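Engineer: All chains should be built: construct the whole structure from the sequences, respecting the hints.
One letter stands for each residue in the lines below.
2 protein chains.
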Amino acid sequence: MARTGDRPARTPQVLKGMRDLLPQQMVLRQHVIGTFRRVFERYGFEPIETPVLEYLDVLTGKYGEDEKLIYHFQDRGGREVGLRYDLTVPLARFVATHRHELVFPFKRYHIEPVFRADRPQRGRYRQFWQCDVDIVGTASMLADAEVIMVWIDALSAVNMPNFVVHINHRKLLQSMAQVAGVPEAQAATIHRAIDKLAKIGRDGVHAEMVNHGIPPEAADRVLDLVALEGEPAEVLAELRRRLAGNQLAEEGIADLENLFRYLGELNADPAHYQLDLSLARGLDYYTGPVFEAMVKEPNIGSLGGAGRYDHLIGMFLGEDIPATGASLGLERIIDVIQELHLLPQPRTVSEVLVTVFSDEGLEASLSLVSQLRAGEVNAEIYLGERRDLRRQVQYADRKGIPLVAFLGPDEIAAGTVNLRVMASGEQVTVPVSAAAETIDRLLKQERSGDGAAGQ
Amino acid sequence: MARTGDRPARTPQVLKGMRDLLPQQMVLRQHVIGTFRRVFERYGFEPIETPVLEYLDVLTGKYGEDEKLIYHFQDRGGREVGLRYDLTVPLARFVATHRHELVFPFKRYHIEPVFRADRPQRGRYRQFWQCDVDIVGTASMLADAEVIMVWIDALSAVNMPNFVVHINHRKLLQSMAQVAGVPEAQAATIHRAIDKLAKIGRDGVHAEMVNHGIPPEAADRVLDLVALEGEPAEVLAELRRRLAGNQLAEEGIADLENLFRYLGELNADPAHYQLDLSLARGLDYYTGPVFEAMVKEPNIGSLGGAGRYDHLIGMFLGEDIPATGASLGLERIIDVIQELHLLPQPRTVSEVLVTVFSDEGLEASLSLVSQLRAGEVNAEIYLGERRDLRRQVQYADRKGIPLVAFLGPDEIAAGTVNLRVMASGEQVTVPVSAAAETIDRLLKQERSGDGAAGQ
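These protein sequence lines are chains W and V, in that order.
Using the working numbering, read the first sequence as starting at 1 and increasing by one per residue.
Using the working numbering, read the second sequence as starting at 1 and increasing by one per residue.
Hints in this document: simulated from the structure, not taken from any laboratory.
Bear in mind the structure is a predicted one, so any value in this text is a computation, not a measurement.
Be aware that a few hints might be false.
Over the 10 Å line for every Cβ pair with chain W, so calculated as not near, a few chain V residues [stated by the list, open to error]:
# : residue
1 : E146
2 : Q186
3 : A237
4 : H341
5 : E437
Here are the simulated DSS-like pairs of lysine-lysine, each with C-alpha atoms no more than 30 Å apart in a straight line [said to hold, decoys possible]:
# : chain 1 : residue 1 : chain 2 : residue 2
6 : W       : K16       : V       : K68
7 : W       : K16       : V       : K196
8 : W       : K196      : W       : K296
Virtual Cβ for every residue (Gly too), placed ideally from N, Cα, C.
Structural biologist: See below:
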């Protein structure tokens with residue numbers, strides 16, 4: 001191809017809506033991903049991976065009109081291919097592909113980037129990471145309860161404050177439309193309107209429904225149902241009365257009764273979940289309970305969505321396998337962690353910079369840095385060609401390395417090393433043989449204090 | 001678009017040359033990636049991330065004729081874009097983009113997938129992972145020594161046997177061609193021929209050179225130089241005599257003398273590196289030392305390549321920044337670990353399955369699983385709808401979960417739990433309050449033994 005030949009200096013641009021992550025961002029990101037992985041594995045969710053590229057028709061027909069946001073092209077073999085749009089559809093394809101190699105109920109997690117050619121906005125990117133957990137092969141509400149529990153534990157583990165998992169049921173939404181006398185084809189209009197309740201209020205939602213041709217009385221009946229609030233058991237009992245005789249409602253209520261019972265028995269903190277009859281998640285493929293993790297105080301909004309999708313795998317297999325799952329948006333969560341300072345944010349992985357006094361002193365510095373690494377310290381040796389000490393200390397300071405080790409002729413002669421804590425200026429000279437241990441102690445001291453070095 | 005509409009069952013195919021990774025593969029993979037990350041961070045390499053998609057002209061003009069393997073297309077905004085082909089060119093673009101935010105010398109690692117529309121073969125995929133470390137902003141051979149050291153530590157940490165980092169210098173290769181009287185334009189022919197020395201022998205290489213129009217005497221002179229073997233210091237001294245007066249040779253030899261000196265002072269195990277004058281890495285952009293990690297016994301071949309590329313960043317910046325780096329191929333390394341059983345290969349992240357005796361017993365099982373998770377045990381509760389115990393034990397067996405917890409009416413009444421070690425059949429009944437601790441002990445015992453449970 002050599003399409004652009006040998007032009008000299010190319011503009012080093014990143015594509016619109018995409019971005020690089022710098023070390024300081026990555027250190028926090030890896031910490032969050034590591035925490036989520038640990039929590040997911042604590043519940044027995046297993047890691048899997050699927051390719052970034054899929055046959056395009058694996059992806060199409062699942063996302064409604066958002067399907068137009070799929071990146072797609074023809075590869076050199078003439079195949080229509082697309083970049084994955086989420087991790088749920090690839091999971092459904094994966095389960096169909098590997099059905100005979102998997103043990104069911106199959107619990108998997110998957111933390112990787114997905115791609116959407118969406119209009120870029122603040123906090124919304126064209127490549128972003130999802131953190132998914134799913135349970136495939138059981139219709140038991142225990143699976144849905146586990147998915148909610150793992151969310152509660154994962155968000156708690158990154159110190160997320162005041163989050164609440166809102167819970168509703170697709171069948172309840174459908175039954176409300178039936179009871180209100182709204183034709184099947186208009187049900188989606190109702191769900192979209194209800195979804196705006198918090199934003200535009202009861203009158204606004206009522207007006208929107210009426211504008212879409214729903215009779216005013218029907219809109220009122222739906223809004224009266226949606227307005228029910230309180231203890232899940234009480235609200236569900238009230239719904240059972242009001243929607244008596246409606247088959248979908250009875251199925252949805254029975255599911256939710258089981259779900260809330262299991263959450264109680266799993267000791268879920270009631271502050272972290274609630275029944276929310278106005279929750280109407282968008283995706284077409286949900287069939288049962290739907291969930292959304294939200295933070296309203298401060299007003300952060302949604303951290304992720306979830307729900308049961310008992311027919312999606314059937315689109316690949318020709319035979320349904322029940323499944324439920326949840327997806328957290330990594331970027332949003334990390335933005336919140338940074339804004340609210342929920343976790344320490346070290347700027348670097350390095351714990352100590354070993355300086356080089358001179359070419360003669362290099363051997364001692366190399367020997368020290370090897371010894372520190374063997375002692376499980378993250379240790380750098382200064383690699384610049386100009387070795388004045390001021391420049392080396394400045395390097396540690398700019399990178400945020402908490403400790404600097406000095407080895408001048410006196411220290412080398414005495415077999416010692418001088419360690420400086422960058423934040424406090426505290427200095428200590430110890431035998432080289434005790435350096436790793438001393439560094440460990442100084443780091444612990446730094447991290448337990450206000451720790452400017454850890455900022 | 002809705003290009004494929006609502007066809008019922010789609011064939012769940014993975015694209016040619018791509019693949020899914022199942023939990024058992026992922027558990028090992030995550031262990032290896034975690035090990036590499038830990039070693040890279042021990043040296044102060046910082047994590048970064050770049051987008052999968054780049055402007056196509058960021059990628060072109062760097063890879064020679066292999067450029068045709070880049071996946072590329074026009075996005076919806078009419079931009080020519082490509083999937084990254086390696087992690088080195090994106091790094092060069094990253095450094096140019098963020099030059100003023102980075103602290104130099106800049107050390108980064110990057111472990112992510114890359115994409116090549118190559119002919120698929122056994123062990124070669126179109127999406128595969130690279131594990132890169134690079135040091136940008138210094139011409140010091142200390143940086144090259146650090147890159148070799150981190151390779152040695154990383155490969156040692158996954159128990160790779162008998163690996164050797166072969167080391168050569170691009171300038172030495174060039175000088176040999178000069179000394180042999182081969183015109184500049186034919187130098188690449190010589191490098192390609194030399195690269196096959198191990199495979200086709202001296203006579204074969206000689207014939208190939210002559211076939212390409214190199215005079216037989218010139219071919220002999222090159223092959224005599226390449227055949228030099230022994231202690232790096234001695235070989236370099238001999239080369240200094242034979243290539244005396246050649247500017248490129250003197251620069252290359254001086255670099256390598258420093259490099260081997262630093263490796264010695266960093267206590268690198270001499271069994272793991274050697275000067276190999278026949279090593280001629282392919283990529284156009286190398287300018288200094290080049291490295292390749294190889295295992296010859298058993299005959300595994302290359303695990304990764306590396307080298308110095310002092311002009312690549314200049315292609316983006318218009319001004320050179322020296323850099324050196326190394327790339328390990330994750331797939332190849334994992335294949336070797338599996339074939340040679342270099343690491344334990346647990347089949348699941350789960351440590352214990354909590355069974356459910358009956359619907360009445362469910363509450364006790366849910367309470368136990370919550371308690372175990374709080375005690376840092378990776379605990380699953382059986383989620384299937386049909387709960388005969390045989391089925392539950394079979395589930396644990398098929399997944400490879402090492403322990404199963406039973407809570408029947410007797411145990412529930414007594415506040416105890418019965419734990420079974422799947423591999424040995426050993427059973428023990430303990431108070432629920434001691435369950436987490438007992439599980440911890442049983443797992444340690446399993447792992448320290450021959451541990452069929454860990455297989």
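Engineer: For each hint, tell me whether it holds in the structure or not.
Structural biologist: Now the hints, each set against the structure:
1. Once the 10 Å rule is applied to beta carbons, E146(V) is inconsistent with being away from chain W; the minimum gap is 7 Å.
2. With a cut of 10 Å on Cβ distances, Q186(V) stays outside the contact zone with chain W, its closest approach being about 20 Å.
3. Consistency note on A237(V): stated as away from chain W, and its beta-carbon is indeed over 10 Å from all of that chain's, at 21 Å minimum.
4. Listed as a non-interface residue, H341(V) keeps its Cβ farther than 10 Å from every Cβ of chain W; the least gap is roughly 21 Å.
5. The non-interface label for E437(V) is consistent with chain W: the shortest C-beta to C-beta separation is roughly 16 Å, beyond 10 Å.
6. Our distance criterion of 30 Å between C-alpha atoms is met by K16(W) and K68(V), whose separation comes to about 25 Å.
7. Under the criterion of a C-alpha separation no larger than 30 Å, the hint pairing K16(W) with K196(V) is inconsistent with the structure, at around 44 Å.
8. Of the supplied pair hints, the one linking K196(W) and K296(W) holds, its CA atoms being roughly 15 Å apart against a limit of 30 Å.
In this structure, the hints that do not hold are numbers 1 and 7, in rising order.
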